[in-house]
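Keeping their order, the protein sequence lines are chains L and R.
Note that the first sequence covers residues 30 to 412 in my numbering.
Note that the second sequence covers residues 30 to 412 in my numbering.
There could be a bad hint or two in this list.
[Said to hold, decoys possible] When the alpha-carbon atoms are kept at most 20 Å apart in a straight line, the in silico EDC-like pairs for lysine to aspartate or glutamate are as follows:
1. Lys-257/R <-> Glu-117/L
2. Lys-65/L <-> Glu-337/R
3. Lys-307/R <-> Asp-331/R
4. Lys-257/L <-> Glu-117/R
[Unchecked claim] Looking from chain R toward chain L, a few residues come up when the C-beta cut is under 10 Å (computed):
5. Asp-63
6. Gly-94
7. Ser-98
8. Phe-266
9. Pro-268
10. Ala-335
[What the hints assert, rightly or not] Computed from the model, here is a short list of chain L residues facing chain R with C-beta under 10 Å:
11. His-59
12. Arg-60
13. Ser-61
14. Val-133
15. Gly-226
16. Pro-265
17. Val-333
Derived by calculation from the structure, the hints in this document are not laboratory data.
Glycine included, each C-beta is placed from N, C-alpha and C at the ideal position.
Protein chains: 2
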Amino acid sequence: MARKRYLLTPGPTPVPPEVLAAMAEPVIHHRSPDFKRVLAEARVHLRDVFRTRNEVLVFTASGTGAFESALVNLLSPGERVLAVSCGEFGERWQAMASALGCEVVPLAYAWGEAPRAPDLGRALSESGTEVVLLVHSETSTGVVCDLRSLLGVCREAGAISIVDAVSSLGAVPLETDEWGADVVVTGSQKALMTPPGLSFASVSDAAWARTARATLPRFYWDWQRARKQQESDNTPFTPATSTLVALNVALRQLLDEGLDAAFARHAALGRACRAGIKAMGLELYSPDDDSAAVLTGALTPDGVDAVELRLALRDRHGITIAGGHGDLVGRLFRIGHIGYVDRYDIVTALAAVEAQLVEMGAEVERGVAVAAATDAFEAAVRA
Amino acid sequence: MARKRYLLTPGPTPVPPEVLAAMAEPVIHHRSPDFKRVLAEARVHLRDVFRTRNEVLVFTASGTGAFESALVNLLSPGERVLAVSCGEFGERWQAMASALGCEVVPLAYAWGEAPRAPDLGRALSESGTEVVLLVHSETSTGVVCDLRSLLGVCREAGAISIVDAVSSLGAVPLETDEWGADVVVTGSQKALMTPPGLSFASVSDAAWARTARATLPRFYWDWQRARKQQESDNTPFTPATSTLVALNVALRQLLDEGLDAAFARHAALGRACRAGIKAMGLELYSPDDDSAAVLTGALTPDGVDAVELRLALRDRHGITIAGGHGDLVGRLFRIGHIGYVDRYDIVTALAAVEAQLVEMGAEVERGVAVAAATDAFEAAVRA
Chain L
30 MARKRYLLTP
40 GPTPVPPEVL
50 AAMAEPVIHH
60 RSPDFKRVLA
70 EARVHLRDVF
80 RTRNEVLVFT
90 ASGTGAFESA
100 LVNLLSPGER
110 VLAVSCGEFG
120 ERWQAMASAL
130 GCEVVPLAYA
140 WGEAPRAPDL
150 GRALSESGTE
160 VVLLVHSETS
170 TGVVCDLRSL
180 LGVCREAGAI
190 SIVDAVSSLG
200 AVPLETDEWG
210 ADVVVTGSQK
220 ALMTPPGLSF
230 ASVSDAAWAR
240 TARATLPRFY
250 WDWQRARKQQ
260 ESDNTPFTPA
270 TSTLVALNVA
280 LRQLLDEGLD
290 AAFARHAALG
300 RACRAGIKAM
310 GLELYSPDDD
320 SAAVLTGALT
330 PDGVDAVELR
340 LALRDRHGIT
350 IAGGHGDLVG
360 RLFRIGHIGY
370 VDRYDIVTAL
380 AAVEAQLVEM
390 GAEVERGVAV
400 AAATDAFEAA
410 VRA
Chain R
30 MARKRYLLTP
40 GPTPVPPEVL
50 AAMAEPVIHH
60 RSPDFKRVLA
70 EARVHLRDVF
80 RTRNEVLVFT
90 ASGTGAFESA
100 LVNLLSPGER
110 VLAVSCGEFG
120 ERWQAMASAL
130 GCEVVPLAYA
140 WGEAPRAPDL
150 GRALSESGTE
160 VVLLVHSETS
170 TGVVCDLRSL
180 LGVCREAGAI
190 SIVDAVSSLG
200 AVPLETDEWG
210 ADVVVTGSQK
220 ALMTPPGLSF
230 ASVSDAAWAR
240 TARATLPRFY
250 WDWQRARKQQ
260 ESDNTPFTPA
270 TSTLVALNVA
280 LRQLLDEGLD
290 AAFARHAALG
300 RACRAGIKAM
310 GLELYSPDDD
320 SAAVLTGALT
330 PDGVDAVELR
340 LALRDRHGIT
350 IAGGHGDLVG
360 RLFRIGHIGY
370 VDRYDIVTAL
380 AAVEAQLVEM
390 GAEVERGVAV
400 AAATDAFEAA
410 VRA
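Input sequences plus hints: build the corresponding full structure.
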């Protein structure tokens, strides 16, 4: 038979067959009533998933594109922006803000640390910056920050918040309106269970007000242009229509499950995965608590190269997981569990890691990982 | 049975079933050998279709996005750029260049006119601008310009050319290297027979050299970043993987047909469509010659509203064609014939226009349009 493949990275994530089937529907014209119905439905569903009454703008772009849209609509050349980082994506947004001509005031943590609200409060009052860049889920490390408290600090300081929720939205709680997030950015290819190619930004009234005095140049990313069109279920430029049709199928599935149920499922998957990793005697790199619901990062045993492990999982087992960066490239592997993932995906990943570690000469007790994961998952579901 | 639908607009265009099926394949990870193979193949095919040895950069964005990438990589704030316009898209690029902070030197023609090389030569020598924006196929009017002669003028003046080939590339001859086009931009959703969501820009050595002194801010659109990644079959940000897999299927189909055969087919489709329109006694709006191979624009008879005609074609016949803009909205309709279109799509469109015009009380001789189109197509194929 054809080789079965398992995609267990923190994005792109596996896509439900019904969503894939929607990708293959005949192309519709983007100025037709058919498309208007599609966009109208997506706008409603996106608001539900973002838990916001704000308009959620749709961009044909990667998540990085929608994040860039936030910077160019809210900032001016030379303006200072406070950028919180504790991993690859936080550092990407710092590089982006610099490249776009802003002055970055960094609040930088070591990779793997979580940003702390008091630090942010101090940095805001010392710097007087009016815009803050936050990463909800730092995909490079598995750290999901306490966004609610960070946003509370932003609100107190009167600063506009831009939140990278690319790998968090739909997987872990994010209450855009209740927590007062001004701009929340995500992409189609993570917990929203859709192929990559679309990204989204919800925009608060305060952020809209600020766009009027932000002078970074913009055209493709121009929010005013996008909103004006979206209000009549249009887009300013030809959108990725097929991906939007598929997105609606995925969002219906997510909302049918229920957002809170999805959050509970992701938390249970995280518990199961951590239990399995620890049962094998491996050291966790991602946090050992329920915040780590997006992915589980673990270190290989001494003498086992993480790159070799990943290549063998991929080539011998058909299982794609993610690696580490920088100093940790030879030690860290990351198992993603966002989106269309259930307990048996975790079982599969753990069974394969165990089998391959044994193959590579590591001392791992057989069977304990899957058993521990199963127990942890069932305990989580019963709780 | 389910209603059959016919998409005969100049983009998005109908997509072959094999390409749609590829959209539904399981999602692959963008940092995997599977994806590297996909991108490597796309890079080769794109060069073939662009007829260039230059790298063709891939963007997850609409065509407008790839065009913006050209401006921000080649221009600096306040710099003057000569922008040739004769319709909606030429005017869009003028608006974009202004929005990005450049000074637009317009060479503007009335909608429906074709730009002329001597005018461009004069405008270049008078203005001394170093960058020129050209539209190969002006989709709003059906005018395909004599790009070769316009590019000759740019080369003589030492100006860098940026060519919007969104609705032309793959449909009508475009010899990127032989004609000396510096930057050629296109999208996935026109003659490349793929759903929307990807766009492309080929970049000449002269254009690459210029990027070093262009200071418009850029990050998502940064060409250096894109090229550095593409050279190892990577992308800087998560790309629209499924659409890229589908693109390869479409490009293989196009290259299997042969580019020159595809150009001849489009020319024959244009002849067939014009013959049918004229046989019904309607007035052509697009040019009455083989340059009009992308779409046929025609005016409705007196007393027939073009918007009503289009709505009836869509709602009663399942056929989507395009309309007109501005003053011509009540008179102009446009039948696209790029991409996955054959003679029977033209027969379908003409038969439906005829039936609907009769229904709306116009005096149209029955049957003559399809007969004339058939004769014209067969004569073109025999020639």
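Subject >> Evaluation of the interface hint that places Gly-94/R against chain L, nearest CB under 10 Å >> reply: Where the cut-off is 10 Å and the nearest Cβ of chain L is about 5 Å from Gly-94/R, the hint holds.
Subject >> Restraint status (C-alpha distance of Lys-65/L to Glu-337/R at most 20 Å) >> reply: Within the cut-off at roughly 19 Å; holds.
Subject >> Agreement of hint Ser-61/L with chain R interface, Cβ distance less than 10 Å >> reply: holds (6 Å)
**OP:** Classify the hint on Phe-266/R as holds or violated, based on whether any CB of chain L lies nearer than 10 Å to its CB.
**Re:** Holds - the Cβ of Phe-266/R comes within 10 Å of chain L, reaching about 4 Å at its closest.
Subject >> Residue hint Val-133/L, partner chain R, criterion CB-CB below 10 Å >> reply: violated (13 Å)
Subject >> Evaluation of the interface hint that places Val-333/L against chain R, nearest CB under 10 Å >> reply: Constraint on Val-333/L not satisfied, violated at 21 Å.
Subject >> Per-residue hint verdict: Gly-226/L, partner chain R, C-beta under 10 Å >> reply: holds (3 Å)
**OP:** Report holds or violated for the interface hint on Ser-98/R, using the least CB-CB distance to chain L and a cut-off of 10 Å.
**Re:** This interface hint holds because 9 Å falls under the 10 Å limit.
Original post:
Holds or violated: is there a CB of chain R closer than 10 Å to the CB of Pro-265/L?
Top reply: Check passed: Cβ of Pro-265/L comes within 8 Å of chain R, closer than 10 Å.
Original post:
Under the criterion of a CB-CB separation shorter than 10 Å, is Ala-335/R in contact with chain L as hinted?
Top reply: violated (14 Å)
**OP:** Mind checking the alpha carbons of Lys-257/L and Glu-117/R for me, to see if they're no more than 20 Å apart?
**Re:** Status holds; Cα separation ~19 Å.
Original post:
Between Lys-257/R and Glu-117/L, is the straight-line Cα distance small enough, at 20 Å or below?
Top reply: holds (19 Å)
The structure does not agree with the numbered hints 10, 14, 17 stated previously, though it agrees with the rest.
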